[in-house]
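Number of protein chains: 2
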Amino acid sequence: MKPQRPYIALTMGDPAGIGPEVVTKALARTDLRERMGLLVIGLEAARPEGLVDGFPEHPGQAGFVEVAGAKTWEMGKAQEACGLAALSALEVGADMAKRGDVQALVTAPVCKEALHMAGEKVEGQTELLARWDGTERYEMVAVAGDMRVMLLTRHMPLREAIASISTDSIGWHLDLFHETLRSIGIEHPHIAMAGLNPHAGEGGLFGNEESRILQPAIEAARARGQHISGPHSPDMVFLDASQGKNDGVLALYHDQAFIPLKLLSKGRGVTLIAGLSYLRVSPVHGTAFDIAGQGIADETNLVAALERAATWVGDQQSAIGDTVT
Amino acid sequence: MKPQRPYIALTMGDPAGIGPEVVTKALARTDLRERMGLLVIGLEAARPEGLVDGFPEHPGQAGFVEVAGAKTWEMGKAQEACGLAALSALEVGADMAKRGDVQALVTAPVCKEALHMAGEKVEGQTELLARWDGTERYEMVAVAGDMRVMLLTRHMPLREAIASISTDSIGWHLDLFHETLRSIGIEHPHIAMAGLNPHAGEGGLFGNEESRILQPAIEAARARGQHISGPHSPDMVFLDASQGKNDGVLALYHDQAFIPLKLLSKGRGVTLIAGLSYLRVSPVHGTAFDIAGQGIADETNLVAALERAATWVGDQQSAIGDTVT
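Those protein sequences? They're chains A and B, same order as listed. For the first sequence, the numbering used here assigns the number 333 to the last residue and increments by one with no breaks. For the second sequence, the numbering used here assigns the number 333 to the last residue and increments by one with no breaks.
FYI, nobody ran anything at the bench for these hints, they're computed from the structure. All values derive from a computational prediction rather than experimental measurement. Yeah, the Cβ is synthetic: ideal placement off N, Cα and C, and Gly gets one too. Among the hints, a few may not be true.
Among chain A residues calculated to face chain B with C-beta under 8 Å, some are [what the hints assert, rightly or not]:
| hint | residue |
| --- | --- |
| 1 | D39 |
| 2 | L40 |
| 3 | V100 |
| 4 | I170 |
| 5 | I173 |
| 6 | L204 |
| 7 | P206 |
| 8 | G215 |
| 9 | S250 |
| 10 | H262 |
| 11 | L271 |
| 12 | L272 |
Could you build all of it, start to finish, from the sequences and the hints given here?
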């Protein structure tokens, strides 16, 4: 039943958002259906046309797995029934990925408020997936073009983000990032560490976090056999990444990462979760309630997530293959 | 003697750096010599071939103004004689621009160490030009593609940069930026104010500098008749700028500005000095002592500076013309 091409589970997200629409539009692309065995998971009432039941057996087919739930709902609005449907689909997809029935999980967007209504007081899918996977050791990696960025800190005031930087935390993130880059097929990943201050402090002239906090973490990671460069001038390291001069950048705060990521993503930025027992890839857009149900949503970002997932699964498999032969 | 096209003074910078080489290469471009009346200022020993003495009278010609100084020097090294030559050329160019003999000053790079040897303990040309122009009210504006960015703070630790942000300082910079954008031909400039925290604080969830410090400055500037938007999410405002959705961004710290600027400059980034009595444009590269004298320096950045200067002078002149007619 399982041919060479990867199987990828694709959850439809919150049915009141643009998830079902972009999933349907992505499925219309023959090249995607030829390249991977897509298994769409969602409500029957949102089921795209032309899908077979369960796993697709032939290239060009895509399959569908139904989750029980609402038959009607209002578009563009947070609702308990939609939160429940999104949760069910995510659970089914996560189980399949964890069991290895699929090689990757790709998720359309959910609505945080609807998840809360459905009884899950979480930030989003990442937190749920990590909990279900039984790990507290996880972190988001954002990808745009050739740039792969892991963040040390995220949604907190910049002052607090700076204050929270520690040698331990950097070491922890470098280890996880190193493993994650290996898991997507980069055998000897080169991670570039971003500095905090202008010109990475320019030898202590503009701040000493680089020598005091970052440098010891870098040296310890090198002693563990990792290829880490830096701390680099923040205004150069992302440019370097965009030109393929490193395999990943560990960034220190939200905007250090997202300013370059948004400039370079051009609608095709994706995230993956480092630390899960399987590959999970997501587009970066949300449910877009303001345009949900109008037929004008753009599937480009979801297509990019599916293509990345297939590539990474492929790289992973060939990396394993290379090791064996 | 002065035809319609703008006259632009072009200083050769430190003769031991790549300045003379990129000036010579830029002058070889007929399109530039047709578009503007270039007046090169430097040592006779570094004089590019084919220049007339003094102001060029015909399109396609370029002129030369000699400054007294060294006849020989060592390439790729900081020397007093070279610092003196760079200073002399800069003084002559600044005088011409201040008197209105030329419509803009474009400067090849100098070496800070050589300036120090020559008796001027300054950070660089910007500080000298402001002093000679008799102003303490000046600031750098960096330009890449459609993005124009003024910086509130520059070379200091990120912690200190954050601590130094004040409503007064923002108001001061907004005023200067507003005037500067008008001076390069944007009649009603829209300045976008960057926030400090992730998502500009997201309504106070991740920091309150936006409401406490930035918002009052924005409101005061609006009351003075300026078009200011924001505070914007830092990860969106530079993307917006790159798509022409604002005329300028006021950035709060070095890397908030230079991460996007370096990504988008593609070797053609330039700076101008806001607050001078004349237009001064500069490429962003330095003397590049490591490759000086090898004939491999790239003139693209200097050409971009000359083209920007000619455009801005033209926009300025048409803006003035529009007002009169």
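Right, here's what the structure says about each hint:
1. A hinted interface residue such as D39(A) counts as satisfied when its beta carbon comes closer than 8 Å to some beta carbon of chain B; here the least separation is about 29 Å, so the hint is violated.
2. Against a cut-off of 8 Å between C-beta atoms, the interface hint on L40(A) is violated, since the closest Cβ of chain B lies about 27 Å away.
3. Taken as an interface hint, V100(A) does not check out: its beta carbon lies about 32 Å from the nearest beta carbon of chain B, beyond 8 Å.
4. Evaluation of the I170(A) hint against chain B yields a held restraint, the C-beta minimum of about 6 Å falling below 8 Å.
5. Hint status for I173(A) relative to chain B: violated, with the closest Cβ pair at about 11 Å, above 8 Å.
6. Hint status for L204(A) relative to chain B: holds, with the closest Cβ pair at about 6 Å, below 8 Å.
7. Here the hint on P206(A) is kept, as its CB sits about 4 Å from the closest CB of chain B, short of 8 Å.
8. The restraint placing G215(A) at the interface with chain B holds, with a minimum CB-CB distance near 3 Å, inside the 8 Å limit.
9. About 6 Å separates the beta-carbon of S250(A) from the nearest beta-carbon of chain B, less than 8 Å, and the hint is met.
10. A cut of 8 Å between beta carbons decides the hint on H262(A): the least distance to chain B is about 4 Å, and the hint holds.
11. Contact between L271(A) and chain B, as hinted, is supported at the beta carbon level, the nearest pair being about 6 Å apart and thus within 8 Å.
12. Interface hint at L272(A): satisfied, since its Cβ lies 7 Å from the closest Cβ of chain B, which is below the 8 Å cut-off.
Checked against the numbered hints listed earlier, the structure breaks hints 1, 2, 3, 5; every other hint is satisfied.
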